[in-house]
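Chemist: Could you put together the complete structure from these sequences and hints?
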Amino acid sequence: GAGVSQSPSNKVTEKGKDVELRCDPISGHTALYWYRQSLGQGLEFLIYFQGNSAPDKSGLPSDRFSAERTGGSVSTLTIQRTQQEDSAVYLCASSPNGVAGGEQYFGPGTRLTVT
Amino acid sequence: KNQVEQSPQSLIILEGKNCTLQCNYTVSPFSNLRWYKQDTGRGPVSLTIMTFSENTKSNGRYTATLDADTKQSSLHITASQLSDSASYICVVSRPFSGGYNKLIFGAGTRLAVHP
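Chains as they are written, first to last, in this note's numbering: chain C, 1 to 115; chain V, 116 to 230.
No lab work stands behind these hints, which were simulated from the structure alone.
Nothing here was measured: the structure is a model prediction, and the numbers come from that model.
Please note: incorrect hints may appear among the correct ones.
Below, in silico cross-link-like pairs of lysine-lysine (DSS-like), each with a Cα-Cα straight-line distance of 30 Å or less [as the list claims (entries may be wrong)]:
| no. | chain 1 | residue 1 | chain 2 | residue 2 |
| --- | --- | --- | --- | --- |
| 1 | C | LYS17 | C | LYS57 |
| 2 | V | LYS132 | V | LYS186 |
| 3 | V | LYS217 | C | LYS57 |
| 4 | V | LYS172 | V | LYS217 |
| 5 | C | LYS11 | V | LYS172 |
| 6 | C | LYS57 | V | LYS186 |
| 7 | V | LYS132 | V | LYS172 |
| 8 | V | LYS217 | V | LYS186 |
| 9 | C | LYS57 | C | LYS15 |
Modeler: Here is the structure:
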């Protein structure tokens with residue numbers, strides 16, 4: 001079956017512009033996660049959705065970052081007034097549920113470059 | 116502080132040789148430890164998941180070990196192939212309220228297998 005898909009695969013934007021990144025999880029997966037991977041760094045947790053609610057959004061680095069999930073499926077990560085330090089690969093993952101031991105399936109990521 | 120440290124940072128080996136990657140963690144409490152393989156430009160793919168009661172788990176030519184007392188894990192790759200060239204990421208799962216697990220990622224070991 002289809003895996004996690006993300007779009008766009010690459011995004012170049014000017015500093016100060018807003019961007020939207022999209023994640024389509026595996027059908028039926030209730031849990032969805034956003035991560036950020038900066039060059040040479042480990043993945044950094046951003047936000048976790050269970051259904052349409054976000055029980056843990058503690059990883060969002062500033063109020064310029066927000067995310068929503070609709071219909072228990074597609075999620076959008078929005079970055080307002082982008083800064084150069086926002087440049088990174090943004091990865092989305094989904095799992096059948098959020099409980100202990102649950103496997104997370106990752107998408108290919110969106111590479112964001114802020115010029 | 117909850118941390119996951121990996122060594123070496125990078126490694127070059129010849130095709131057919133074996134290698135061992137190391138992971139030390141200070142995450143507490145602990146649910147499970149995972150090893151992921153991340154090819155360039157792709158999302159991470161799970162290799163193994165181990166709970167604290169498991170000492171070893173194999174997946175083909177990949178064998179992971181876990182010592183929960185010393186908080187150390189290793190990933191051993193046998194008879195390496197060119198396709199093993201990737202980043203290998205150690206990930207520790209930490210339980211949160213409601214049964215949700217947050218993943219804490221190491222920075223990864225970049226492995227290059229040369230012919």
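Chemist: Mind listing which of the numbered hints don't hold for this structure, in increasing order?
Modeler: 5
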